[in-house]
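Given these sequences and hints, build the entire structure.
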Amino acid sequence: MEATKLKSGSRLERLLARGEFVLTGELGPPRSVELEIIDKKVAHLKGYVDAANVTDNQTAIVRISSIAVSKMLLDRGLEPVAQITCRDRNRIAIQSDVLGAYALGLRNILCLTGDHQTFGDHPTARHVFDLDSIQLIKVLKDMRDEKRFAGGEEIRNGKKGPLVAPQIFLGAAANPFADPFEFRIIRLAKKVKAGADFIQTQIVYDMDRFEGWLKQARDMGLTEKIKILAGITPLKSVPMAKYMKNKVAGVSIPDALIDRLAKAEKASDEGIKIAVEQIQHLRQLDGIAGIHLMAIEWEHRVPEIVEKAGLLPRPVVEA
Amino acid sequence: MITAEQKPLEEIQQMLAGVDKLLILGCGTCVTVCLAGGEKEVATLADLLRLKGSIDQITEATIERQCDQEFFEEVTRKIEDADAVLSLACGAGVQLLARIFPEKCVYPGVNTRFIGLVEEQGKWLESCLACGDCKLGKFGGVCPIARCSKSLLNGPCGGSIDGKCEVDPETIDCAWQLIYDRLAKLGQLENLTEIEEPNDFSTAHDGRPRRLDRADMHL
Numbered sequence: 006m007e008a009t010k011l012k013s014g015s016r017l018e019r020l021l022a023r024g025e026f027v028l029t030g031e032l033g034p035p036r037s038v039e040l041e042i043i044d045k046k047v048a049h050l051k052g053y054v055d056a057a058n059v060t061d062n063q064t065a066i067v068r069i070s071s072i073a074v075s076k077m078l079l080d081r082g083l084e085p086v087a088q089i090t091c092r093d094r095n096r097i098a099i100q101s102d103v104l105g106a107y108a109l110g111l112r113n114i115l116c117l118t119g120d121h122q123t124f125g126d127h128p129t130a131r132h133v134f135d136l137d138s139i140q141l142i143k144v145l146k147d148m149r150d151e152k153r154f155a156g157g158e159e160i161r162n163g164k165k166g167p168l169v170a171p172q173i174f175l176g177a178a179a180n181p182f183a184d185p186f187e188f189r190i191i192r193l194a195k196k197v198k199a200g201a202d203f204i205q206t207q208i209v210y211d212m213d214r215f216e217g218w219l220k221q222a223r224d225m226g227l228t229e230k231i232k233i234l235a236g237i238t239p240l241k242s243v244p245m246a247k248y249m250k251n252k253v254a255g256v257s258i259p260d261a262l263i264d265r266l267a268k269a270e271k272a273s274d275e276g277i278k279i280a281v282e283q284i285q286h287l288r289q290l291d292g293i294a295g296i297h298l299m300a301i302e303w304e305h306r307v308p309e310i311v312e313k314a315g316l317l318p319r320p321v322v323e324a
Numbered sequence: 002m003i004t005a006e007q008k009p010l011e012e013i014q015q016m017l018a019g020v021d022k023l024l025i026l027g028c029g030t031c032v033t034v035c036l037a038g039g040e041k042e043v044a045t046l047a048d049l050l051r052l053k054g055s056i057d058q059i060t061e062a063t064i065e066r067q068c069d070q071e072f073f074e075e076v077t078r079k080i081e082d083a084d085a086v087l088s089l090a091c092g093a094g095v096q097l098l099a100r101i102f103p104e105k106c107v108y109p110g111v112n113t114r115f116i117g118l119v120e121e122q123g124k125w126l127e128s129c130l131a132c133g134d135c136k137l138g139k140f141g142g143v144c145p146i147a148r149c150s151k152s153l154l155n156g157p158c159g160g161s162i163d164g165k166c167e168v169d170p171e172t173i174d175c176a177w178q179l180i181y182d183r184l185a186k187l188g189q190l191e192n193l194t195e196i197e198e199p200n201d202f203s204t205a206h207d208g209r210p211r212r213l214d215r216a217d218m219h220l
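Protein chains in written order, with this note's numbering: chain X, 6 to 324; chain Z, 2 to 220.
Worth flagging that the hints you see were computed from the coordinates, not collected in a lab.
Just so you know, not all the hints are guaranteed correct.
[To be verified] Below are the DSS-like pairs computed for lysine-lysine, each with C-alpha atoms no more than 30 Å apart in a straight line:
{"hint": "1", "chain 1": "X", "residue 1": "K146", "chain 2": "Z", "residue 2": "K136"}
{"hint": "2", "chain 1": "X", "residue 1": "K12", "chain 2": "X", "residue 2": "K165"}
{"hint": "3", "chain 1": "Z", "residue 1": "K124", "chain 2": "X", "residue 2": "K220"}
{"hint": "4", "chain 1": "Z", "residue 1": "K139", "chain 2": "X", "residue 2": "K198"}
{"hint": "5", "chain 1": "Z", "residue 1": "K165", "chain 2": "X", "residue 2": "K198"}
{"hint": "6", "chain 1": "X", "residue 1": "K10", "chain 2": "X", "residue 2": "K51"}
{"hint": "7", "chain 1": "X", "residue 1": "K252", "chain 2": "Z", "residue 2": "K124"}
{"hint": "8", "chain 1": "Z", "residue 1": "K105", "chain 2": "X", "residue 2": "K247"}
The following block contains the structure:
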């Protein structure tokens with residue numbers, strides 16, 4: 006029965022459909038072909054998260070492609086969520102990549118606008134942004150549900166070939182902390198309307214603002230239509246917290262949290278403690294379906310966080 | 002208007018290596034207004050190059066518009082007398098000059114920048130990408146294609162903070178903050194709830210080098 010209602014049948018989709026409180030992680034591909042790094046990161050995440058996002062040249066720095074690394078995760082038994090940004094590819098390349106990703110067995114895709122190339126290691130590159138993230142969601146949803154490409158043609162080989170379209174579970178991001186604040190909920194509503202199945206939010210540190218945004222989402226009925234996973238990144242140190250607060254647009258960290266880190270005997274342990282408290286608090290909120298845990302270059306602390314948050318063992322999904 | 006700025010003197014000198022008789026040709030329209038290639042700039046550049054002393058003979062002229070063939074008539078003689086012409090017009094003007102005088106070496110003296118407007122004295126702001134399908138009516142008179150760093154059509158990315166764009170918060174306003182504020186004032190925020198479909202870029206340069214063909218004006 007369940008299978009007939011599922012869009013992609015991915016593990017993430019099944020768990021969310023079952024009402025489990027899900028946990029996704031994040032894995033940034035290496036900047037070289039030192040593949041052992043991927044094995045190490047997988048070992049830290051496998052069994053502790055239900056799926057892991059694989060980033061697509063995040064902060065516009067060249068890395069192994071998200072689809073290639075997603076396939077490596079799949080082969081290692083960790084379900085991937087392949088991120089696709091609009092910065093580097095036009096609608097032709099993106100749709101081709103999505104067909105390719107599906108062919109390799111990937112079933113979850115997260116649709117992002119992408120960081121501007123001036124932040125990365127190729128600031129003189131030409132950017133694309135042929136689509137924006139909302140258009141990307143719509144294009145992939147229409148590929149899945151209407152079985153049509155963005156150009157209007159059906160997804161079939163020749164006139165007589167069967168209609169065989171990629172069945173993808175579609176994610177999107179939401180940032181409740183950027184401006185204009187009033188627009189943030191409109192943008193979430195547009196992502197729902199475009200066809201996103203789940204949302205992973207920007208890192209939550211400012212709980213009051215986050216809960217204000219979530220209330221708006223509930224009032225508009227959006228939490229009924231989409232699964233929202235709240236973003237968590239443990240703070241490693243006071244300098245990291247200050248960097249995130251001052252340099253990363255759209256991340257808001259209350260001073261009280263930074264004070265807590267500064268006064269702690271060991272800031273990194275305090276950072277983990279804060280992350281655990283945040284997870285436990287978020288779990289109680291109406292409209293939160295899970296956590297997106299982004300332990301940036303700190304994957305080895307993920308098992309500890311998940312355990313302390315009381316989220317072990319992770320649920321099992323029958324093949 | 003079309004904005005431009007003069008190339009560095011060293012680059013101009015390198016381009017002109019080996020030229021003995023040079024005409025510096027200014028343009029009286031956009032580049033005059035943005036103080037990059039009008040009569041005054043022609044005179045200043047000529048003086049600077051004379052001081053450097055590597056070119057024997059430098060003449061100066063400025064015509065009303067280098068993007069219009071008829072204005073070249075008055076300087077035909079000067080162009081023919083020179084080995085090379087350094088045009089201070091925009092890229093369109095330089096190309097028309099090269100087309101009218103196929104035997105003449107022509108060099109650009111300015112970098113054409115963008116279609117923009119004056120923000121304050123000495124500051125210009127890119128305002129139109131000439132995409133060929135104007136959407137300003139829907140967006141409260143602020144163009145997201147020209148003024149958003151990512152040309153987003155469905156609202157701001159996560160990099161909009163305090164009305165500024167994360168790409169450079171010192172100098173770039175978030176176009177989507179401007180659009181939001183303007184539509185709020187006009188009572189037209191509902192414009193922003195509809196999903197903007199993938200843009201049709203065939204009317205922009207992506208389609209092909211563009212032409213305008215007005216049958217009603219043909220002779």
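Now the hints, each set against the structure:
{"no.": "1", "hint": "X/K146 x Z/K136", "result": "holds, 26 Å"}
{"no.": "2", "hint": "X/K12 x X/K165", "result": "holds, 25 Å"}
{"no.": "3", "hint": "Z/K124 x X/K220", "result": "violated, 43 Å"}
{"no.": "4", "hint": "Z/K139 x X/K198", "result": "holds, 20 Å"}
{"no.": "5", "hint": "Z/K165 x X/K198", "result": "holds, 27 Å"}
{"no.": "6", "hint": "X/K10 x X/K51", "result": "holds, 27 Å"}
{"no.": "7", "hint": "X/K252 x Z/K124", "result": "holds, 27 Å"}
{"no.": "8", "hint": "Z/K105 x X/K247", "result": "violated, 60 Å"}
When held up to the earlier numbered hints, the structure conflicts with 3 and 8 and fits the remainder.
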